[in-house]
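Q: Sequence:
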Amino acid sequence: MEETAAGRGQRRQRAARPRATRGRGTAARRGSTAREASADEQPADEASRAVVPRRTAQGGEPPVPRTLSARSRAAGGLRLREVLSQLSLGRQDVSEASGLVNHVVSHLIQAVRGRDGSFSSIRRLGAGSYYEHVKISEPNEFDIMLVMPVTRLQLDESDDTGAYYYLTFKRNPKEKYLNRFLDEDGKLSAFKMLEDLRRIIKEELKHIKNVEVTVKRKKRGSPAITLLIKKPPAEISVDIILALEVQQSWPPSTQDGLNIECWLGRKVRREFRYKPIYLVAKQNKKEKLPRGNTWRLSFSHIEKAMLNNHGSIKTCCESDGVKCCRKDCLKLLKYLLERLKMKHAKELEKFCSYHVKTAFFHSCVTWPSDTDWQHENLEHCFQKYLEYFLRCLQDSQLPHFFIPQYNLLSLDDKASNDFLLGQINYQLNNGFPVFHQV
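Per full-length UniProt numbering, residue 1 is the first one in the sequence shown, and the count goes up by one each step.
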């Protein structure tokens, strides 16, 4: 009987041990929560080390920072959907804003064509988030490309990015009016063309009735002529971007880019690469003596096509198809960056929505199937997309989607990259408080 009692005592002691272990785990979790809550008090580099997942040895999907129960995922997804509902554009506002922009731009295009032989062949090409259907908050910003078809050009790289070029004509151009835009070395001057177009637009705006439109002061290095259209109580900003359309092969720097075979298919990639190349008038900041004669490759027409036909299955997000959350994830990260830039304008001035969009395209390739982006799994999908972007910031490495050798996150800006890394980690660890701040 004594032996039996001792055995029972030992069993009771063994049974008690797991409870003690669970108590220690709970205390550890409380400590972890306390550390997360104070992440905003850490230096940016310390906060940035808190959550960023490492790549696996096999290069597969990284581990998730926290294990989320189905219930917490559902609750998190619900909160993100509340944020998305606030970002959706009102149809009335969109209709009024786009109508006003169309009125002004159509008038300008007609006038510019008739005023000067140099721009007689321009046509309009909508670009940017409004035309990609990922615009957030308000329909108050539009990007319009004014496209000029040009015969074959000689493209010479101006640096090692593979994105910026000097343009010369291989032979005397059919478009004789372009001769006056050549510099002393025979290069087509982006500066001269932009200045001429700006002059014409400023003169023509005086003839637009019933709408108050002004040209914003020129921003150094910007490829855009920005119009400000008064629409009380606010105003609409329209970036007019001059682009050359050239029907010739894409340059060698793009050969290994646009790796969408596993996502949209080999046939779609081939079709995209048969499309013309576009070059926008953009000053290369790397030049020690800027002369205004560099042009940058633009793929906004391909980006728009990919965003508007983003499913691995053609019916994805169509009325008779299954809805995914790809665009919702992109909108959320755009909004997160936008809100953080409002709080930390100086520290984050180098970042723009194109960084977020590039990371999005890479994420679509990493997780190519529509089942990887199921509508009901919004929080999980947003988190893994966010983790990809965090790794890019941590490594200061975000390859241009079309020009892989072109890194959009230079090591020269590592301090800025680390700062954004820390800010996003704090938001991730604390339920994105910036989404709910007025």
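Watch out, some of these pointers could steer you wrong.
Stated by the list, open to error - Between beta-carbon pairs, the in silico distance windows are:
#	residue 1	residue 2	range
1	Asp256	Glu82	19 to 29 Å
2	Arg123	Glu82	37 to 47 Å
3	Arg339	Thr366	39 to 49 Å
4	Gln248	Asn308	33 to 43 Å
5	Lys192	Arg123	13 to 23 Å
6	Arg115	Thr214	31 to 41 Å
7	Gln154	Arg123	22 to 32 Å
8	Arg291	Lys314	27 to 37 Å
9	Ser319	Lys202	43 to 53 Å
10	Asp320	Asn172	26 to 36 Å
11	Lys267	Ser85	28 to 38 Å
12	Glu82	Ser319	19 to 29 Å
To be verified - Straight line, CA to CA, 30 Å or less: simulated BS3-like cross-link-like pairs of lysine-lysine:
#	residue 1	residue 2
13	Lys192	Lys230
14	Lys304	Lys267
15	Lys314	Lys219
16	Lys218	Lys346
17	Lys219	Lys384
18	Lys341	Lys218
19	Lys341	Lys192
20	Lys285	Lys209
21	Lys327	Lys350
22	Lys219	Lys323
23	Lys267	Lys341
24	Lys176	Lys209
25	Lys343	Lys323
26	Lys323	Lys346
27	Lys285	Lys231
28	Lys231	Lys323
29	Lys327	Lys275
30	Lys230	Lys414
31	Lys192	Lys327
32	Lys192	Lys304
These are computed hints drawn from the structure, not numbers from a lab. The structure presented is a predicted model; accordingly, all values stated were derived computationally and were not measured. Just so it is clear, CB atoms sit at the ideal spot from N, CA and C, and this is done for glycine as well.
Q: In ascending order, which of the hints set out earlier in this document are inconsistent with the structure?
A: Of the numbered hints, 1, 3, 4, 6, 8, 10, 15, 17, 19, 20, 22, 23, 24, 25, 26, 27, 28, 30, 31 do not hold.
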